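Visitor: Below are the chains, spelled out letter by letter.
There are 2 protein chains.
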Amino acid sequence: MEKWVLAIDLGGTFTKVGLVNRTGDIIGEKVYDTGAKLPYKNFLTKLENVVGELLRTHGKDIDVVAAGVGAPNANVNTGEMENPPNFSWGERVPLAKSIEEICNLPTTIANDANAAAIGEMTYGMAKGMKNFVVLTLGTGLGSGIVINGKLLTGENGMAGELGHVNVDPYGRKCNCGLTGCLENYASVTGLKRTVFELISEMPEASSLKDISFNHLTGVMIAEAAHNGDPIALKAFELTGEVLGSKMADSAAHLDPEAFILAGGLGKAGDLLLNPTIASMEKNLFIAYKGKIKVKISTAPSAHAILGPAALAFHSLLDHS
Amino acid sequence: MEKWVLAIDLGGTFTKVGLVNRTGDIIGEKVYDTGAKLPYKNFLTKLENVVGELLRTHGKDIDVVAAGVGAPNANVNTGEMENPPNFSWGERVPLAKSIEEICNLPTTIANDANAAAIGEMTYGMAKGMKNFVVLTLGTGLGSGIVINGKLLTGENGMAGELGHVNVDPYGRKCNCGLTGCLENYASVTGLKRTVFELISEMPEASSLKDISFNHLTGVMIAEAAHNGDPIALKAFELTGEVLGSKMADSAAHLDPEAFILAGGLGKAGDLLLNPTIASMEKNLFIAYKGKIKVKISTAPSAHAILGPAALAFHSLLDHS
Chain A
1 MEKWVLAIDL GGTFTKVGLV NRTGDIIGEK VYDTGAKLPY KNFLTKLENV VGELLRTHGK
61 DIDVVAAGVG APNANVNTGE MENPPNFSWG ERVPLAKSIE EICNLPTTIA NDANAAAIGE
121 MTYGMAKGMK NFVVLTLGTG LGSGIVINGK LLTGENGMAG ELGHVNVDPY GRKCNCGLTG
181 CLENYASVTG LKRTVFELIS EMPEASSLKD ISFNHLTGVM IAEAAHNGDP IALKAFELTG
241 EVLGSKMADS AAHLDPEAFI LAGGLGKAGD LLLNPTIASM EKNLFIAYKG KIKVKISTAP
301 SAHAILGPAA LAFHSLLDHS
Chain B
1001 MEKWVLAIDL GGTFTKVGLV NRTGDIIGEK VYDTGAKLPY KNFLTKLENV VGELLRTHGK
1061 DIDVVAAGVG APNANVNTGE MENPPNFSWG ERVPLAKSIE EICNLPTTIA NDANAAAIGE
1121 MTYGMAKGMK NFVVLTLGTG LGSGIVINGK LLTGENGMAG ELGHVNVDPY GRKCNCGLTG
1181 CLENYASVTG LKRTVFELIS EMPEASSLKD ISFNHLTGVM IAEAAHNGDP IALKAFELTG
1241 EVLGSKMADS AAHLDPEAFI LAGGLGKAGD LLLNPTIASM EKNLFIAYKG KIKVKISTAP
1301 SAHAILGPAA LAFHSLLDHS
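So the protein sequences, as listed, match chains A and B. To convert, note that position 305 of the first sequence is 305 in my numbering; the numbers rise steadily by one, no gaps. Going from the second sequence to my numbering is simple: count from 1 and add 1000.
Treat the hints as calculated values from the structure; they're not laboratory data. The structure presented is a predicted model; accordingly, all values stated were derived computationally and were not measured. Do not take every clue at face value.
Using 30 Å as the maximum straight-line C-alpha spacing, the simulated DSBU-like pairs for lysine-lysine come out as follows [unchecked claim]:
id: 1; chain 1: B; residue 1: 1289; chain 2: A; residue 2: 150
id: 2; chain 1: A; residue 1: 289; chain 2: B; residue 2: 1173
id: 3; chain 1: A; residue 1: 234; chain 2: A; residue 2: 192
id: 4; chain 1: A; residue 1: 295; chain 2: A; residue 2: 234
id: 5; chain 1: B; residue 1: 1150; chain 2: A; residue 2: 289
id: 6; chain 1: A; residue 1: 127; chain 2: B; residue 2: 1150
id: 7; chain 1: B; residue 1: 1282; chain 2: A; residue 2: 192
Across the chosen pairs, the derived CB separations fall in these ranges [claimed, not checked]:
id: 8; chain 1: A; residue 1: 38; chain 2: B; residue 2: 1171; range: 49 to 55 Å
id: 9; chain 1: A; residue 1: 298; chain 2: B; residue 2: 1274; range: 56 to 62 Å
id: 10; chain 1: A; residue 1: 298; chain 2: B; residue 2: 1038; range: 53 to 59 Å
id: 11; chain 1: B; residue 1: 1278; chain 2: A; residue 2: 298; range: 43 to 49 Å
id: 12; chain 1: A; residue 1: 104; chain 2: B; residue 2: 1316; range: 39 to 45 Å
id: 13; chain 1: B; residue 1: 1270; chain 2: A; residue 2: 85; range: 33 to 39 Å
id: 14; chain 1: B; residue 1: 1316; chain 2: A; residue 2: 25; range: 41 to 47 Å
Under 8 Å between C-beta atoms, here's a sample of chain A residues computed to sit facing chain B [what the hints assert, rightly or not]:
id: 15; residue: 154
id: 16; residue: 158
id: 17; residue: 160
id: 18; residue: 161
id: 19; residue: 162
id: 20; residue: 169
id: 21; residue: 170
id: 22; residue: 177
id: 23; residue: 250
id: 24; residue: 254
id: 25; residue: 257
id: 26; residue: 283
id: 27; residue: 285
id: 28; residue: 286
id: 29; residue: 287
Even for Gly, the Cβ is constructed at its ideal location relative to N, Cα and C.
Bound-form chain A, shown alone (with noise of 0.2 Å):
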């Protein structure tokens, strides 16, 4: 009988259950808020009917072998999450321990971008590939490190955070406590940021001026860019320039085969990726200049499952 594997989403506003087999079809999905600011209690009480009712419906006919979950601050190594922002579950919530408690299957978490990363090797942009680094770019920056073709998750099962690599000492706060992590520049929010600095700057004339910072959308901005605003067009640029010069200190720990950029501000297609790319080379180290590939996700947001799906798979291996 063919293997399908329970995958979930858990995000800070809603959750995404569904099945999925290895070539990533999927059965049964279904959206339901997460109850972020509700007990832990709640949340667990409503996927046990979700995920009851998903198995009763078609799980008669299918192998479903194990889970995986993608959720914000999933630690890899001991399955908590750990002081998960916006969420009023407590300092160390064990997810993969009450997962396997109310679907009777082994478990796996991580946090999103590192689901990500396995989905991209399983589903996506990074099928064949062994060595190379996701990089959702959405709210935040998060990231998602393979190495031989296994997800990096370091001593304590928290490698990867590349949102919080050093742009500028004395550069923009983070949400974090540091000052200038990555996140603030090469993100949504990031390239938002940049576009009210350069308002700030630049006395030539953009639509950007009429939208306050809370009504600004990426997708309005990359809009903007296509229609030559010169904010729109500069705030893109100096995007690829910081991501791309961070990039290739990646390049200098990792000698990756290629980076995939996922996320949000991924959408923004060429206006993202030409100056990244060219930031890149110019500062790459001799060894991997004009070796890396650079690659946008093609992944639709829809599919958010497949990531811990992917990682439900790949833990399969692991332990076989």
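For chain A, the structure is supplied; the task is to place chain B on it using the hints.
Guide: Same frame as chain A, now just chain B:
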């Protein structure tokens, strides 16, 4: 019969050869001029003589099973030295193949810092560790990264070039052609450059103002610092600050258990260690704060062949 390996430390000036066992005992060590500016063939002829004599004298009673070589710009995947600086041996030197032919032993090569990392894991400060980074702070800055007990080699065999992560895009020119690479700040040469920058800025009396750049050594700067020299003290402080901040960036990639500082600059001890740890902790992402050890290697440089020896034993594990 106890297993021994042939260990070769190929440096720009001297080559060291010896036989080493799993506990780090060394027999028959020889040191001779490398002849980096003479033809490659001369080096091989000399090596063949030295190794032949070594094996005739000591090889009868022991089982020599492999060779390990540390060499500049050695690519662990291809077995070649790639564009080694200050050598006239060509762009791609087939070192592993040549040594295999001469010694009739399976041969593994790696750059000096990678070999040092395996050496620290086998014989030194990193015994029992699985995830750590060795930084060799000498004329330049080399690095070796170990993940899950294995040397990180990367897609092209060139991972771990932390000497070339960027400190300042408008900073010091590097031999590699880039600007602002870490090795121009955190190495013996970097320390000297910092002293000269400080001499240009600080009016205070300093014994270092009597010494030319070419005569200045790391030992002199350390001695001046121990005597309270303000420029020497400030130079170590700034060196540690830069090094620590870049170690924090490395931690955000790798989540290591430890950084081990080796090479000439490491001999400065607390003068280097204290500002380095302070700066690393200040810049660490919260997930890593207080969790990462920083140690100075105690390996005497006289034991430069222990790294290559460990590399040879390590490669036996890979193939068993």
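Visitor: Each hint needs a verdict: does it hold in this structure or not?
Guide: Tested hints:
At most 30 Å may separate the alpha-carbon atoms for a hinted pair to count; residue 1289 of chain B and residue 150 of chain A meet this at roughly 25 Å. Taking the CA atoms of residue 289 of chain A and residue 1173 of chain B, the gap is near 18 Å; set against the 30 Å cutoff, the hint holds. Taken as a hint, the residue 234 of chain A and residue 192 of chain A pair is honoured in the structure, with Cα atoms around 12 Å apart against an allowance of 30 Å. Our distance criterion of 30 Å between C-alpha atoms is met by residue 295 of chain A and residue 234 of chain A, whose separation comes to about 21 Å.
In summary, the hint linking residue 1150 of chain B to residue 289 of chain A is supported, as the alpha carbons are separated by about 25 Å, within the 30 Å threshold. This hinted pair checks out: residue 127 of chain A and residue 1150 of chain B have alpha carbons roughly 24 Å apart, not beyond 30 Å. Simply put, residue 1282 of chain B and residue 192 of chain A have alpha-carbon atoms about 27 Å apart, close enough for the 30 Å limit, and the pair holds. In this structure the hint that residue 38 of chain A and residue 1171 of chain B lie 49 to 55 Å apart at CB holds, the actual value being about 50 Å.
As the Cβ distance of residue 298 of chain A to residue 1274 of chain B is approximately 49 Å, the hint placing it in 56 to 62 Å is violated. The supplied range of 53 to 59 Å is met by residue 298 of chain A and residue 1038 of chain B, whose beta-carbon atoms lie about 54 Å from each other. A hinted range of 43 to 49 Å for the beta carbons of residue 1278 of chain B and residue 298 of chain A is consistent with their spacing of about 45 Å. Taking 39 to 45 Å as the suggested C-beta distance range, the pair residue 104 of chain A and residue 1316 of chain B conforms, at roughly 43 Å.
For the hinted restraint 33 to 39 Å between residue 1270 of chain B and residue 85 of chain A, the CB-CB distance of approximately 37 Å keeps it satisfied. Checked against the hint of 41 to 47 Å, the C-beta distance between residue 1316 of chain B and residue 25 of chain A comes to roughly 44 Å, which is consistent with it. Checking residue 154 of chain A against chain B: minimum C-beta separation of about 2 Å stays under 8 Å; hint holds. Look at residue 158 of chain A: its Cβ gets to within about 4 Å of chain B, closer than 8 Å, so that hint holds up.
A least Cβ separation of about 7 Å between residue 160 of chain A and chain B falls short of the 8 Å threshold, and the interface hint therefore holds. With a least beta-carbon distance of about 5 Å to chain B, the hint placing residue 161 of chain A at the interface is held under the 8 Å criterion. For residue 162 of chain A, the interface hint holds, the least distance from its beta-carbon to any beta-carbon of chain B being 6 Å, beneath 8 Å. Among the interface hints, the one on residue 169 of chain A holds; its C-beta lies about 7 Å from the nearest C-beta in chain B, closer than the 8 Å criterion.
For residue 170 of chain A, the shortest C-beta to C-beta distance to chain B is roughly 12 Å, which exceeds 8 Å, and the interface hint is violated. Taking 8 Å as the C-beta cut-off, the interface hint given for residue 177 of chain A holds, the closest approach to chain B being about 6 Å. The closest approach between the C-beta of residue 250 of chain A and any C-beta of chain B is roughly 6 Å, which is under the 8 Å cut-off, so the hint is satisfied. Restraint check, residue 254 of chain A versus chain B: the minimum CB separation of about 6 Å is within 8 Å; hint holds.
Among the interface hints, the one on residue 257 of chain A holds; its C-beta lies about 4 Å from the nearest C-beta in chain B, closer than the 8 Å criterion. The beta carbon of residue 283 of chain A comes within 6 Å of a beta carbon in chain B, closer than 8 Å, and the hint placing it at the interface holds. The restraint placing residue 285 of chain A at the interface with chain B holds, with a minimum CB-CB distance near 4 Å, inside the 8 Å limit. For residue 286 of chain A, the interface hint holds, since its Cβ comes within 8 Å of a Cβ in chain B; the closest pair sits about 6 Å apart.
Taking 8 Å as the C-beta contact cut-off toward chain B, the hint placing residue 287 of chain A at the interface holds, the least distance being around 4 Å.
Consistency with the previously given hints fails for numbers 9 and 21, ordered from lowest to highest.
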